[in-house]
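So the protein lines, in turn, are chains A and B. Its first residue numbered 1, the first sequence is counted upward by one per residue in my numbering. Its first residue numbered 1, the second sequence is counted upward by one per residue in my numbering.
Just so you know, the hints here were simulated from the structure itself, not pulled from any lab data. Please note: incorrect hints may appear among the correct ones.
Here are a few chain B residues that sit away from chain A, every Cβ distance over 10 Å (derived from the structure) [to be verified]:
#1 Gly-75
#2 Lys-79
#3 Asp-132
#4 Gly-140
#5 Glu-171
#6 Ser-195
#7 Ala-283
#8 Thr-324
#9 Lys-329
#10 Val-338
#11 His-375
#12 Asn-443
Keeping only pairs whose Cα atoms sit at most 30 Å apart, straight-line, the calculated BS3-like set for lysine-lysine is [to be verified]:
#13 B:Lys-461 / A:Lys-65
#14 B:Lys-390 / A:Lys-47
#15 B:Lys-200 / B:Lys-390
#16 A:Lys-47 / B:Lys-160
Yeah, the Cβ is synthetic: ideal placement off N, Cα and C, and Gly gets one too.
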Amino acid sequence: MRHGRYPFIVGFLAVPVAIYVTFVIGPYAQAFYLATTNWRGVSANPKFIGLENFERLLSDDIFWKAVRHHGVLLLAMPLLTIVLALFFAFMLNVGGGSRGGVMTGVWGSRFYRVVFFFPQVLAVVIVGVIFSRVYAPDDSGLLNGALGLFGLDPVLFMANPDIALWSIIGVLVWQAVGFYVVLFSAGMASVPKDIYEAATIDGAGRSAMFFRITLPLLWDTLQVAWVYLGIAAFDAFAIVQVLSVDQGGPDGATTVLGMEIYRNAFSYSQFGYASAMGVALFFLTITFAALTLRVSRRDTIEL
Amino acid sequence: MSITPENPADLSRRTVLRRAAAVGLLATPAAGLLSGCVSGGDDEPTEQAAGEKSAENPLGVKEDAPLEVVIFNGGLGTKYATDVHVPSYKKKFPKAEVKFSQAEEIATVLQPRFTSNTPPDMVNNAGSKLMDQGALVQAGQVQDLTELFDAPSLDNPGTKVKDTLIPGTVEQGTFNGKPYVLNYAFTVFGLWYDSALFEKNGWTAPKTWADFTALCDKIKAAGITPYSYAGANAAYYQYLVILTSAAKIGGPDVLKNIDNLEDGAWQAEPVKQAAAAWAEIGAKYGNKAHLGLKHTEVQLQQNQGKVAFYPSGSWLENEQAKDTPPGFKYAVMPVPSVTTSDKLPQTAIYAAAGEMYFVASKGKNPRGGMEYLRHMLSKEGAKGFTELTKVLTVVKGAVDGLEISPGLTSGNAMLSAAGSDYFAYRFDTWYKKLDDEARAATNELMFNGGTADKFCERMQKVADAVKKDSSIEKFKR
Numbered sequence: 001m002r003h004g005r006y007p008f009i010v011g012f013l014a015v016p017v018a019i020y021v022t023f024v025i026g027p028y029a030q031a032f033y034l035a036t037t038n039w040r041g042v043s044a045n046p047k048f049i050g051l052e053n054f055e056r057l058l059s060d061d062i063f064w065k066a067v068r069h070h071g072v073l074l075l076a077m078p079l080l081t082i083v084l085a086l087f088f089a090f091m092l093n094v095g096g097g098s099r100g101g102v103m104t105g106v107w108g109s110r111f112y113r114v115v116f117f118f119p120q121v122l123a124v125v126i127v128g129v130i131f132s133r134v135y136a137p138d139d140s141g142l143l144n145g146a147l148g149l150f151g152l153d154p155v156l157f158m159a160n161p162d163i164a165l166w167s168i169i170g171v172l173v174w175q176a177v178g179f180y181v182v183l184f185s186a187g188m189a190s191v192p193k194d195i196y197e198a199a200t201i202d203g204a205g206r207s208a209m210f211f212r213i214t215l216p217l218l219w220d221t222l223q224v225a226w227v228y229l230g231i232a233a234f235d236a237f238a239i240v241q242v243l244s245v246d247q248g249g250p251d252g253a254t255t256v257l258g259m260e261i262y263r264n265a266f267s268y269s270q271f272g273y274a275s276a277m278g279v280a281l282f283f284l285t286i287t288f289a290a291l292t293l294r295v296s297r298r299d300t301i302e303l
Numbered sequence: 001m002s003i004t005p006e007n008p009a010d011l012s013r014r015t016v017l018r019r020a021a022a023v024g025l026l027a028t029p030a031a032g033l034l035s036g037c038v039s040g041g042d043d044e045p046t047e048q049a050a051g052e053k054s055a056e057n058p059l060g061v062k063e064d065a066p067l068e069v070v071i072f073n074g075g076l077g078t079k080y081a082t083d084v085h086v087p088s089y090k091k092k093f094p095k096a097e098v099k100f101s102q103a104e105e106i107a108t109v110l111q112p113r114f115t116s117n118t119p120p121d122m123v124n125n126a127g128s129k130l131m132d133q134g135a136l137v138q139a140g141q142v143q144d145l146t147e148l149f150d151a152p153s154l155d156n157p158g159t160k161v162k163d164t165l166i167p168g169t170v171e172q173g174t175f176n177g178k179p180y181v182l183n184y185a186f187t188v189f190g191l192w193y194d195s196a197l198f199e200k201n202g203w204t205a206p207k208t209w210a211d212f213t214a215l216c217d218k219i220k221a222a223g224i225t226p227y228s229y230a231g232a233n234a235a236y237y238q239y240l241v242i243l244t245s246a247a248k249i250g251g252p253d254v255l256k257n258i259d260n261l262e263d264g265a266w267q268a269e270p271v272k273q274a275a276a277a278w279a280e281i282g283a284k285y286g287n288k289a290h291l292g293l294k295h296t297e298v299q300l301q302q303n304q305g306k307v308a309f310y311p312s313g314s315w316l317e318n319e320q321a322k323d324t325p326p327g328f329k330y331a332v333m334p335v336p337s338v339t340t341s342d343k344l345p346q347t348a349i350y351a352a353a354g355e356m357y358f359v360a361s362k363g364k365n366p367r368g369g370m371e372y373l374r375h376m377l378s379k380e381g382a383k384g385f386t387e388l389t390k391v392l393t394v395v396k397g398a399v400d401g402l403e404i405s406p407g408l409t410s411g412n413a414m415l416s417a418a419g420s421d422y423f424a425y426r427f428d429t430w431y432k433k434l435d436d437e438a439r440a441a442t443n444e445l446m447f448n449g450g451t452a453d454k455f456c457e458r459m460q461k462v463a464d465a466v467k468k469d470s471s472i473e474k475f476k477r
């Protein structure tokens, strides 16, 4: 029944494609257009100004500061998250050693698995509000309260420009780890048991098992995790908005592009300029994704 | 001719990965969201209601035209509108339907309606998510209020509305020579303290800088943070105080130059002196942890007797009403004089009409909107507002004979002592970018070891950038 095929396909595709074009492609195209105007968000007729917005971007200190922060996020966040998640996943699945020929996790691993996933269930804003109490600069804060018991001076997590960004990264990692523990666990579950068994018989310790077997066989999953986390590093907007001093402060020390786009659009009413930043962010993200896929190309081990 | 992959194995992991990356891209918070509302509406004027002008109806309101009013629901609440102003309007025009609504995020709710040219008639543009008033004026969305201010007042047909107001009110809402906005609430700013605590310790409100620092030493010795503000979200209370000092040292023109983006306005000697004086207070008598706190948290600490002086406006008492312990008595003093040769006396204060109300020029019933403002500016309207919110209005003598709270009494006394020596700036609402930079620069100055020179330099740099920016409309006063 080949002749009925096209109407059939078109019938299925029309609605989703229309929705996608209207709500995803359309706004994207509009953002590119707005980036070349000086629209301020209140008039119905934006004025075309060419590439002026992009020229301004080049000499905008705050913009470059935000880009640098993305650089730090891009290096630190995926690395920390993946290392932690790998460690936890290994402990939960393989770390308990062999029992009756089956690799098991450490004692209580089923319980930990649920606990690790908790942060993932919370909305980002709630995480932000929780951590504003955890990081509170006086004795009422969870961390500083604990430090106070030892007679230490409070650490100004969000107020000290030198550590504010790292505090933010801490929250992002805390939230992300659970998901990747689950992802890596699934990857490890698909590694055939006999490989581990053989390794055990050959006398491999836990670390050798991890580096020689688990890691190479998980390479594909790691790659996915790296791309996802990298893209998440270009976001971080919600946490910065909720948690940081003065929204991206102190003094721009924690600002990210999302924050600057938001500020320029909704606070300075410079929607045109904000759109230009959005376009820049678009290209940054796409470059990153393309680069990662190219650099991390490596032959998959066929099982 | 098949177009679907006959062999599912073609769908390699790598392809999946690439697609996953593409999906991830679309999830970035890029500008897609921003443009959701650009293309609605056009510039064709909507049909606007108008009625016969008469002595009874000087603004020519159509008596049965519906009126839509949107009020910001924040510290002042909305009761003053629903219980005082709306009934007052309905009493005069019983046939008119007044549609009242409130919003906590004015820009979120109303910006799309302005873009699509279907705005409500009267808007209270306030709160942390307020719309950029300058941008609205620039886009021709705001009704010129000249006619309202020249109309006879509701109470006395012989007096024009503008003559019933505290001097400076009309100017405060003026953009390039035309009044577009009514700033309704009258706010006085100063340093707030607990007069009960001060009395108990035998401390008196200092007038000179030397007295101020001497008292701060005593307060510090008593284990109380002498001076503080909330860096996380309320740094503008502090730059207001710094600029108040600058104006007192060099006269109100210092602020005028800043507003007008004059070259070198931020690097003027008075600004530098003021910044230096306050940097010392921050370093010696502040609490670094408060950079990470929000205004309500620091205000609570003051209520608990942990902070002595706190810079704020006269809304403070009402805002803290729930948390103020019974023995706590709010009082306010002017910012002490920095030098002995200050141009303005020690009693001079920052005071301004604030809380913006405007009429949409492209709405269905702008005349009704102006009439609504006329009701707000009547004696009854203003008195009702102060009774419900404990905040003064710009209407002269409206609170005569009212019982007021200790904080308001103190604020009132400070205002009358100031006489005509009060001043304000406008740059924070005209140029939001300068406001943000001033907050960051102030936090650096007060908490993170900044210097006066650095403060002035970075403010000047951003002021120059704003001046050069062709996309930002400039205002003068």
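Hint check results:
1. Gly-75: holds (20 Å)
2. Lys-79: holds (28 Å)
3. Asp-132: violated (4 Å)
4. Gly-140: violated (7 Å)
5. Glu-171: holds (23 Å)
6. Ser-195: holds (26 Å)
7. Ala-283: holds (15 Å)
8. Thr-324: The claim stands: B:Thr-324 keeps its Cβ more than 10 Å from every Cβ of chain A (closest is about 20 Å).
9. Lys-329: holds (26 Å)
10. Val-338: Answer for B:Val-338: holds, closest chain A Cβ roughly 25 Å.
11. His-375: holds (27 Å)
12. Asn-443: violated (5 Å)
13. B:Lys-461 / A:Lys-65: Holds, at about 17 Å.
14. B:Lys-390 / A:Lys-47: With a Cα-Cα distance of about 45 Å, the restraint between B:Lys-390 and A:Lys-47 is violated, given a limit of 30 Å.
15. B:Lys-200 / B:Lys-390: holds (27 Å)
16. A:Lys-47 / B:Lys-160: violated (40 Å)
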